[in-house]
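Residue numbers (the working numbering), protein chains in the order written: chain A, 1 to 73; chain B, 1 to 260.
Each hint should be verified, as a subset may be incorrect.
What the hints assert, rightly or not - EDC-like, lysine to aspartate or glutamate: derived pairs with alpha carbons at most 16 Å apart:
1) K37/A to D95/B
2) K98/B to E128/B
3) K10/B to E67/B
4) K127/B to E81/B
5) K127/B to E147/B
6) K37/A to E92/B
7) K127/B to D107/B
8) K228/B to E56/B
9) K37/A to E147/B
10) K37/A to E128/B
11) K144/B to D95/B
12) K228/B to D34/B
Note that these hints are calculated values from the structure, not bench results.
Residues per chain, in single letters:
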Amino acid sequence: MSEKSSMQIFVNGKPMPLPTEAMSVLALVEHMQLTGKRIAIERNGDIVPRSQFAEVQLQANDTLEIVGAVGGG
Amino acid sequence: MSDALVIAGKSYQSRLLVGTGKYKDFTQTRAAIDASGAEIVTVAIRRTNIGQNANEPSLLDYLPPSEFTYLPNTAGCYSAEEAVRTLRLARELLDDHKLVKLEVLGDPNTLYPNVTETIAAAKTLVKEGFEVMVYTSDDPIIAKQLEDIGCVAVMPLASLIGSGMGILNPWNLQIIIENANIPVLVDAGVGCASDAAIAMELGCAGVLMNTAIAAARDPVLMASAMKKAIEAGRESFLAGRMAKKLYSASPSSPTTGMIG
Numbered sequence: 001m002s003e004k005s006s007m008q009i010f011v012n013g014k015p016m017p018l019p020t021e022a023m024s025v026l027a028l029v030e031h032m033q034l035t036g037k038r039i040a041i042e043r044n045g046d047i048v049p050r051s052q053f054a055e056v057q058l059q060a061n062d063t064l065e066i067v068g069a070v071g072g073g
Numbered sequence: 001m002s003d004a005l006v007i008a009g010k011s012y013q014s015r016l017l018v019g020t021g022k023y024k025d026f027t028q029t030r031a032a033i034d035a036s037g038a039e040i041v042t043v044a045i046r047r048t049n050i051g052q053n054a055n056e057p058s059l060l061d062y063l064p065p066s067e068f069t070y071l072p073n074t075a076g077c078y079s080a081e082e083a084v085r086t087l088r089l090a091r092e093l094l095d096d097h098k099l100v101k102l103e104v105l106g107d108p109n110t111l112y113p114n115v116t117e118t119i120a121a122a123k124t125l126v127k128e129g130f131e132v133m134v135y136t137s138d139d140p141i142i143a144k145q146l147e148d149i150g151c152v153a154v155m156p157l158a159s160l161i162g163s164g165m166g167i168l169n170p171w172n173l174q175i176i177i178e179n180a181n182i183p184v185l186v187d188a189g190v191g192c193a194s195d196a197a198i199a200m201e202l203g204c205a206g207v208l209m210n211t212a213i214a215a216a217r218d219p220v221l222m223a224s225a226m227k228k229a230i231e232a233g234r235e236s237f238l239a240g241r242m243a244k245k246l247y248s249a250s251p252s253s254p255t256t257g258m259i260g
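Model the full structure from these sequences, guided by the hints.
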């Protein structure tokens, strides 16, 4: 494994190694096969608006919450 | 006669709001909600499953947001902070959607609301422009405080969430309704159609329920029963009931013209 593949973030409470260090939120969404899904993302406590997915670059140890709507009362 | 339910300036024909949890599958969810006639449906916000079944169907496929008004909730939140974060995510998820159901729980066994955390969350959410429908205890003072904060509807429990125990304190509900200048909806505790009708006869603006429908033996039939109960209860309230008296020397049939 090269140095470049060692970056890790946390998604929904679990560690996730990333294939590359330079990765946008949009690239992560594609990497996770969530493209086209209705989701919302919080990064380190702040909302990342969908319109900014391409611009926001992930940093090592970022903590992300990725959520969707499910049945509930 | 137009008798719309108005919440945050928007009119709804149905006074029955329903949850989307606990159904057998999405097909049954959809059938029950169609039978209920509900226009507002609650949804929960949860972490997406990672790395599994990317193509599994979602609730939104069965209940398109174009057909229903979504009411994202904070079910399962035990602090104001968690609730606020959840609803910020919901607003982003649903394209700047502002109408939300706030509930902050105080105890995992009873699911009784934590009113101090609820009040703290309501203050933040109202400040951030959310239209907050707030689940709370049947305490008239707290209900008034939540109205004063700027919530768009106050939703006291009839009894504990999922208990189906019906309306345990109609007198408190009556005080809350009499004092309120915003819609009061019963949220939680309704078990059967008569419970829903009683809530409406007390003057509630509407009723929000999930388990009473989803946990019925025939959820779709119960959804239909609830629709009728809400409508009957509302008409009964508007019509104004007769006075109760122990007995009456005034029979409904004429006292003259008797044979013999």
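Notebook entry, point to check: Which of the numbered hints above does this structure break?
Noted result: The structure breaks hints 7, 8, 9, 10, 11; every other hint is satisfied.
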